[in-house]
Structure formats: C-alpha cells, structure tokens
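Make a model of the complete structure from these sequences and hints.
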Amino acid sequence: MVDLKQIVESLIFVSDAPLFLDRICVLLEEYERGEIREALMALTADYRLRGGAIILAEVGGGYQFRTLPEYAEYLKRLTKSRPPKFSQSALETLAIVAYRQPITRAEVEYLRGVDCGGVLKSCLEKRLVRILGKKDVPGRPLIYGTTKEFLELFSLRDLASLPTLKEVQALGERPPDEEQQELPLGMEEEVENGEE
Amino acid sequence: MVDLKQIVESLIFVSDAPLFLDRICVLLEEYERGEIREALMALTADYRLRGGAIILAEVGGGYQFRTLPEYAEYLKRLTKSRPPKFSQSALETLAIVAYRQPITRAEVEYLRGVDCGGVLKSCLEKRLVRILGKKDVPGRPLIYGTTKEFLELFSLRDLASLPTLKEVQALGERPPDEEQQELPLGMEEEVENGEE
Amino acid sequence: MTTRLTEEPTGLLFDDRSLYSVKLESFEGPLDLLLHLIRKNELNIYDIPIADITRQYLEYIQLMEELNLEVAGEFLVMASTLLQIKSRLLLPTASDEEGNEEEEDPRAELVRRLLEYQRYKAASLLLRERDLLGRETFARKFDPPDLIDLAPDEGPLELELFQLIDAFRKLLAKMPEAAIHQVAADTMSIADRITQVLAFIVDRGTALFDELFDEGCNRELLVVTFLAILELCKLRMINIVQDERYGSILLTPAVIAEPDDPEGVELNG
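Protein chains in written order, with this note's numbering: chain R, 33 to 228; chain P, 33 to 228; chain Y, 146 to 414.
If you are wondering where the hints come from, they were derived from the structure by calculation, not from laboratory data. We treat Cβ as the ideally placed atom computed from N, Cα and C, and that holds for glycine. Incorrect hints may appear among the rest.
Chain R side only, calculated, beta carbon under 7 Å to chain Y, not exhaustive [stated by the list, open to error]: (1) Arg-98; (2) Ala-104; (3) Leu-107; (4) Gln-120; (5) Ser-121; (6) Glu-124; (7) Ala-127; (8) Ile-128; (9) Gly-145; (10) Val-146; (11) Arg-162; (12) Ile-163; (13) Phe-186; (14) Leu-197; (15) Val-200; (16) Gln-201.
Pasting the structure below:
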C-alpha cells in the first residue's frame with residue numbers, strides 16, 4: 033500500500049542531503065503541505081518508537097535519516113574516513129560566526145582577541161563558513177556567516193536551535209551579583225530573530 | 033539499548049555498498065557468526081513487517097537497504113531536480129570569466145592551458161556567462177562576461193561585491209594592528225543593519 | 146595560539162617554577178589567559194584587582210619567554226592595555242571632583258570583552274559536545290543505488306562563492322607573474338560598469354550619453370562609466386553618434402548578442 037508517509041520515507045531515504053519540507057512539497061505537488069508535515073511527524077515518531085539504530089532527524093533545515101550516537105563505536109570500524117576534529121580556535125570562531133552573523137573578520141578578531149584569518153580560511157575551505165557579501169562601511173570588508181553544512185555537521189536543525197547566549201551563560205559560572213544587569217551585552221533576541 | 037540487531041542495522045545503513053556477512057563478522061568480532069546471521073534474519077523480517085518504503089534486501093550476496101519498487105515513480109522526481117554537479121573545469125572557467133571579464137575564449141584558454149569550448153558553452157547554457165560582443169582584433173573573437181543570474185547565484189549585489197583575490201589571500205596573513213583595536217564592542221545594531 | 150602551563154598541584158606555577166610540574170596545554174589568546182587567571186584566583190570579574198592581575202599576567206608572559214615559547218603579539222598588546230588601565234586607575238579622576246561627568250571605569254571595556262569572550266568560549270564548548278556528523282552520528286553519504294539508473298537532470302545550481310574564488314586563486318598560483326597583476330578592485334568596477342552600460346544600451350536599443358551619468362554624482366562612478374564607454378567603443382561593441390552639432394550623444398549597440406545560440410559563431414570553431 034502506497035501512502036504518503038511511505039512516499040516521504042523513500043524520498044528522504046534516497047536523498048543524499050537533508051530534504052527540506054519545501055522541496056518535498058514541490059516534489060509531491062498532489063499532496064497538501066499540511067498532510068506532508070503530518071506525515072513527517074508521524075514518520076519521526078515511528079522511527080523513535082521502533083527503537084532501531086536509525087532516527088529521522090531534522091538537520092540544517094531538512095530531514096535526514098541518521099544513526100543514533102550509541103552506534104558510533106561500531107560505525108567507526110566501518111568508515112575509513114577519520115571523524116571530524118576541531119581545534120578550540122576553530123570552535124570559538126565558528127561559535128562567534130554562528131551567533132553574530134553577518135560578521136567581519138575584524139569583529140571576530142576583536143571578540144576572540146587573536147588573529148583569525150587562518151581559522152576563517154580553513155572554515156571557508158571546509159564550507160562551514162561562507163562569504164555573505166561585503167559590509168557597507170568604508171573599506172567594504174567581507175562579511176561571513178555559517179552554512180547549511182555547518183548545521184548538518186553539528187546536528188542542528190537551524191540557527192535558532194542553538195542555545196541562546198543567555199542559556200550558554202547559565203551553564204557557565206554564575207556571576208557573583210546583580211551587577212551583570214548593567215552591562216548591555218544582551219543580543220539574544222537579535223540572534224534569534226536575526227535568523228532568516 | 034544497544035543490541036546486535038541494531039548494530040547490524042546501523043552498519044548496513046551507513047555502508048556505501050552491500051555489506052557481506054563475512055565482512056560484518058570481521059567488523060563485529062565480539063559476536064558469533066551464527067548470532068549475526070540470526071540478527072540479519074530478524075532485521076529483514078522487521079522491515080518487512082513494518083510495511084514501510086524500505087526493505088533490507090540481499091543483493092549480490094550482500095545486505096543493503098533499498099526502497100520498494102512502488103516508490104520509484106516518486107524517486108524519479110527527486111533525481112529530476114537534483115542540483116547538477118559543477119565540474120572543476122567549469123568552476124575554473126567561470127572564475128576566470130568572472131574576474132577577467134570582458135574576456136575572449138582564447139584568453140580563457142591561455143589561462144587554463146586547455147580547450148574551454150565545451151565548458152564555456154555549458155556556462156552559457158546555464159546562463160552564468162553571456163556574450164558581451166566582439167573584440168576589435170583580427171578575427172573579431174567573441175568576448176564573454178558574467179550574467180545577472182551569476183550574481184544571483186552568489187547573492188552578489190554587483191560585480192564590485194565579488195571578493196577580490198587580495199581579500200581572500202589576506203586571510204592567510206596577519207592584519208595590520210590598527211584594524212583590530214578600534215572596534216567598539218556594542219556593535220549589535222550595526223551588525224544587524226549591515227544585513228538588508 | 147600559545148602554550149598554557151597547567152600547574153599541578155595548584156599554585157605551583159608562580160612560586161616554584163619547576164618544569165617538572167608543568168604540563169603543556171594551549172591558551173587561545175590573551176583573553177583566555179586573563180579568564181584563566183581570574184578563575185584561578187577566584188576573582189570577581191566585575192571588580193578585577195588590576196594591579197594584581199597585571200602582575201600575574203606579566204609574570205606569565207615572562208615565564209613563557211623563559212621557556213622559549215613563542216609569545217604572540219596579541220599577548221603583548223594586552224599587556225600594554227593592562228598597564229594603561231592600571232595607570233589610569235592610579236590617577237585621580239578630575240570629573241569626580243567636579244561632580245558632573247562621571248567617567249567610565251577604565252576597566253569597563255576589558256570586563257565587557259572578558260564576559261563576551263567567556264560566553265563564546267562556553268558556546269564553543271557546547272558545539273564541541275554536539276553529536277557530530279561522522280563522529281557520533283552517521284548518514285548515508287553516497288549516490289543511492291536506488292537512483293543510479295536515473296540520470297540526474299538539471300536543477301538549481303549549488304555553488305559557494307568561496308569555491309569560485311578559490312578556483313581562481315589556485316589557477317593563478319600556477320600561472321606566471323605577468324598574467325596576474327591586473328586583478329585589482331578598480332579593474333573590477335570597470336568590468337562591472339561595462340556589463341551594466343552594455344546591458345542598458347542593448348536593453349534600450351539606443352541610449353543617451355547623459356542617461357548613463359544619471360545615477361548619483363559620485364566622481365568615481367563618472368570616471369568608471371566613462372572608461373567603460375571608451376572600452377566598449379574600443380571593443381566595437383557600441384557605436385557613438387551625435388545627431389547634430391552640440392546635440393545629444395547617442396549610444397547604440399554594435400552587436401546584437403544572441404546568448405541562446407552562441408555555438409554557431411565561435412564555440413565549435
């Protein structure tokens with residue numbers, strides 16, 4: 033029996049990159065967007081309930097089947113390619129670009145306190161960061177942002193699903209007193225709304 | 033819960049070719065061949081019973097997840113709109129035209145050191161490159177430049193927004209000292225407005 | 146990146162410079178080092194004892210030098226910033242006496258940077274802990290066998306700007322010097338203007354010379370537009386006519402380009 037849920041399953045299964053809802057809607061024009069969304073939800077639940085090694089994940093704005101982390105140990109035996117590794121400087125740079133995009137190199141460097149040209153370049157080469165254009169200020173410096181591949185790599189649905197900086201801070205050390213309020217660092221909303 | 037059936041499932045799922053029983057036995061040396069065979073049978077039955085679009089098939093002696101033939105019709109739609117691969121030679125040609133326009137075919141070929149007729153043609157077909165006119169030299173060769181579609185593809189406002197080589201090369205070098213110092217920290221608004 | 150010396154047990158670093166107790170790790174920069182010192186001494190980040198922290202910071206840099214570790218320029222810049230803040234704190238503030246203008250705490254900027262950096266550092270640790278594709282989680286990354294028989298068709302292109310420029314950069318790296326020099330910003334904008342001007346003229350069939358100088362009175366643009374017109378003339382892509390003496394100058398396309406059927410002309414030749 034061919035029904036929508038299975039059709040969607042087959043599409044996501046053979047797709048070599050996360051499949052976007054929009055794209056599925058274009059491919060399956062005989063179905064309503066609402067129906068397709070429901071099928072995706074049902075499918076996600078199915079895979080969770082099955083208790084198999086595979087789940088339907090939402091990453092980089094699209095849907096993709098992925099293995100659960102419990103099986104990584106075995107899968108490492110299978111794959112020849114070494115797992116991705118990140119230096120602390122690459123992670124800091126990526127975090128800053130992710131939260132503050134669009135951002136120039138000089139701004140990243142001010143925030144990190146060190147030169148970031150090399151790291152930015154290697155992030156560009158790995159396609160985790162991309163050039164968004166040029167900033168409308170004298171000198172017209174290049175501005176950078178993160179890519180779809182960045183979200184896919186870090187298993188993020190979208191930029192909004194990054195923990196807000198407020199949450200990030202809550203995980204770190206508690207500030208000793210309320211003085212913190214005075215410092216206008218709050219850009220959580222900006223990051224959240226700044227997306228798309 | 034990590035059990036053998038799921039481990040096998042994850043291996044077959046991730047493997048880029050049908051996985052042979054022998055190979056699985058090598059990968060999972062902590063398990064008996066008999067156990068693994070049983071897990072494979074149970075997994076095959078699971079997928080059949082689920083009634084999804086995917087089955088565990090035995091192909092050419094190995095195991096592989098496959099979609100059922102009923103879904104081929106939908107999968108065809110997926111391939112129809114797959115982004116075409118952009119070959120390295122096409123990329124190089126496009127880059128030369130972008131950075132050196134207006135440019136003749138002979139000039140592109142001088143830079144690349146190989147014949148570029150085919151690639152130029154495909155760039156023209158993809159509407160990334162267009163003919164600007166004829167050059168006033170003997171033979172009056174055609175001269176090429178990029179199109180509006182080219183700018184759209186890279187979300188560039190105009191050709192002047194194309195990053196220069198110097199800008200990208202500068203990433204590998206240390207910036208001049210002043211550049212880093214003068215940035216005010218409160219650049220939230222500025223950054224936000226920088227984006228259109 | 147510079148080298149961090151982790152003292153074990155704590156406190157050993159500044160008192161007893163025994164190399165045996167020193168383990169090598171890495172500091173991400175002066176802000177990272179400062180945060181480390183603040184944490185180690187359990188200081189209040191909002192009220193940093195500058196004299197103390199400066200002394201420790203400098204001792205640290207001195208130690209790195211003694212160990213022949215390369216001290217990056219950023220560390221020295223921060224050292225001078227700290228010294229500057231310290232001296233400003235020692236000066237009596239004139240505004241306090243007058244009572245009207247309250248001067249900002251000289252430490253404020255540094256505190257803001259430290260807090261900000263601390264946030265991104267924490268964010269980077271969260272990134273590090275995520276399930277990474279290819280490390281914790283895996284997906285099918287290959288041409289699916291189910292689709293192999295179906296030839297891919299033309300869809301929307303997916304290309305990153307960096308790929309384009311990187312291709313050009315690598316190409317030029319293989320080239321002799323002489324061919325390289327002319328890729329400058331101004332060449333770019335003339336090229337840009339050439340396409341714009343040509344598109345405008347082709348679009349209109351005929352364009353008035355003055356029309357091309359309409360948008361803005363930017364001197365640079367005027368020059369570039371003029372150069373673009375000259376170049377187009379030289380390439381014989383446009384004709385320039387004047388209908389009467391002192392009349393308006395008209396620009397017309399000399400060649401009607403047909404991008405839909407290019408192969409007949411040169412590509413097969």
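Note to self: Tell me the hint numbers this structure goes against, listed in increasing order.
What the structure shows: Of the numbered hints, all hold.
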